[in-house]
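Protein chains: 2
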Amino acid sequence: MWSTQRARWGRLCHRAMSSGSSGPLGFIGLGNMGGPMARNLLKAGHEVVGFDVSESNLSAFAAAGGQALGSPREVAAAARTVVTMLPSNPHIREVYLGSSGILAAGGASSGSLLIDCSTCEPSVSKEVAAAADERGAVAVDAPVSGGTIGAEQASLTFMVGGSDSGFEAAKLILELMGKKVVHCGDVGMGQAAKLCNNLVLGISMAAVCEGHALAGRLGLDQKKLADILNTSSARCWSSDTYNPCPGVMEGVPSARGYTGGFACDLMLKDLDLAHSAAFSSQPRLALPTGGLALQLYSQMSARGHGHKDFSGLYEHIAAGPDKSS
Amino acid sequence: MWSTQRARWGRLCHRAMSSGSSGPLGFIGLGNMGGPMARNLLKAGHEVVGFDVSESNLSAFAAAGGQALGSPREVAAAARTVVTMLPSNPHIREVYLGSSGILAAGGASSGSLLIDCSTCEPSVSKEVAAAADERGAVAVDAPVSGGTIGAEQASLTFMVGGSDSGFEAAKLILELMGKKVVHCGDVGMGQAAKLCNNLVLGISMAAVCEGHALAGRLGLDQKKLADILNTSSARCWSSDTYNPCPGVMEGVPSARGYTGGFACDLMLKDLDLAHSAAFSSQPRLALPTGGLALQLYSQMSARGHGHKDFSGLYEHIAAGPDKSS
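Residue numbers (the numbering used here), protein chains in the order written: chain A, 939 to 1263; chain B, 939 to 1263.
For the record, the hints were derived by calculation from the structure and aren't laboratory data. Among the hints, erroneous ones may be present.
Because identical chains cannot be distinguished in the list, a pair is counted as satisfied if it fits within a single copy or across any two copies.
Each computed DSSO-like pair below joins lysine-lysine, with the alpha-carbon atoms no more than 27 Å apart [to be verified]:
| hint | residue 1 | residue 2 |
| --- | --- | --- |
| 1 | 1207 | 1064 |
| 2 | 1161 | 1109 |
| 3 | 1109 | 1162 |
| 4 | 1109 | 1064 |
| 5 | 1118 | 1162 |
| 6 | 1162 | 1064 |
| 7 | 1161 | 1117 |
| 8 | 981 | 1118 |
Only chain A is shown next, with the shape it has when bound in the complex (with noise of 0.2 Å):
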């Protein structure tokens, strides 16, 4: 029975990836990341048909050589391989979903492949992918790390969450526009993945910040403590890559008032659907450390620095009582 069922799937995908190379892609989605990655597809040589809400980013997709399209619904009726890239679990679910929804009748078809790039809650890929089913459409989940410049020069890397034939046919479309495209499990695993990496990537950004905070009031030469951070049993990417102290590192936010880099207010959004994943699971799952630097970030983004990286936390902690407004 499964069997059977994974061969249709395999067959699908196969016929999707054929029509894919003959017929155009679909992109949903055009923004700051969307955009980037729909032009690098433009460039491999591919035809694009595309939808966004946003006038301006429709007409800099037609610009770059894509073709604009009505709706979600429209895009998925023109192509058979659909790549989005949206905001959060509403908007998927809408473009998804909704009544001109790439599901909605007359849009995808029996053997779409529908690939989301968006990070949304792993419940959502999982309703998004049954929907799909149901149509005979193939969806994955693929949500991204790598950011606007990832986007732009085709280096991000896709954590993906879908049936090993789903992985295989989506691949093939995001290697165009990425570096390195990992199965992460069944759908709705590229999310998970996605989520449980930024936690842990939030808390331990907030714990060098604290470090070093440390380290400025004791005394302790603050390149000092990240050499040995970074050489013991304290060693973290947020401390060796990334460090948010000022004059430790070169070419990093830190080093030039944290412009660049991976926004606040984009961490932030993570560490919430971090917490409505570990809230809505059964048993419910408490994250304390998680949930407390949700609050911190949200408390640096309430002081008007959500758009400055999410390394400028270190500013939060370590600022004494006349420089923390």
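Please arrange chain B on chain A, whose structure you already have, making use of the hints.
Just chain B now, kept in the frame of chain A:
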């Protein structure tokens, strides 16, 4: 003025070293860490005189070839170089500044070298060093990482705070008990480095525990998550070298029921010292994430698991309602 003082210290340290190689070394605090450390000095061919408040520790030291004396003052009178390895702030104050202490009349003399390998607040190291300076002795703080196994195998790392000449003199002794001796800055900076490192470590371990706990609830394979963390922005020692989730790695405490390793209660002690140092700094420093980690390890300890490795926090984070007690 300063250069004259430094030159005098240099001569004193040199004299201490010279006499150290002809006369005995002193060792105070001969427990789980100090015992094997003192044995490594004996193995290196030094005479060692020692003291411990525990009769059994002192007997074991004597059985290994050491000479037991009656007080810290007697040890300091007999040895020009004294190493101390004590539990925390009050024991250090008592052993150095008490009425039968190292710096009491009839104890350490001008030119003595005093090496404190205990972990304590940097302010206590500074207090001891100032008192030593009044007697013409030189004190350095040299807290360790590497645990009891490192103490036995002479593979400890020492983080040293003190003058250049004090560091150079202490290094010759410390190298007999460890592999790595790092000069962190002036007096107290060894302690500062140790506390900042373990603050970051304690928090990042909690982060990895929460990441794996969330992965478990979401159905993500734990080894797959570790692979993703270890090659991405959440990479850290707590994930790639000392993973807390059973089944992910071999040869770590999580693979053997959290036995061995670095006890939760010892992590708690260091987090408490970091808290105290931050609390008493000017201006006062809040360590929100470190403070929460302190509470989480306290909870683990209060549930009767303070003797287990600190990565056992995973069980307390991940456990469902029937498994948390």
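Going through the hints against the structure:
With identical chains, the CA atoms of residue 1207 and residue 1064 are at most 27 Å apart within one copy only, with a shortest distance of 20 Å there and 45 Å across copies. Taking identical chains as interchangeable, the C-alpha atoms of residue 1161 and residue 1109 lie at most 27 Å apart only when they sit on different chains, with a minimum of 21 Å there against 41 Å within one chain. Taking the shortest Cα distances, residue 1109 and residue 1162 sit within 27 Å of each other only across copies (18 Å), while inside one copy they are farther apart (43 Å). For the homomeric pair residue 1109 and residue 1064, the shortest alpha-carbon distance inside one copy (19 Å) is at most 27 Å, but the shortest distance between copies (60 Å) is not.
In the homo-oligomer, the alpha carbons of residue 1118 and residue 1162 lie at most 27 Å apart only across protomers (15 Å), although the nearest pairing inside one protomer, at 34 Å, exceeds that limit. Taking the shortest alpha-carbon separations for residue 1162 and residue 1064, only the inter-copy value of 19 Å comes in at or below 27 Å, while the best intra-copy value is 47 Å. Within a single copy, residue 1161 and residue 1117 get their C-alpha atoms only as close as 32 Å, which misses the 27 Å cut-off; across copies the closest is 22 Å, which meets it. Only within a single protomer do residue 981 and residue 1118 lie at most 27 Å apart by alpha-carbon distance; the minimum there is 19 Å, versus 53 Å between protomers.
Of the numbered hints given earlier, the model fails none.
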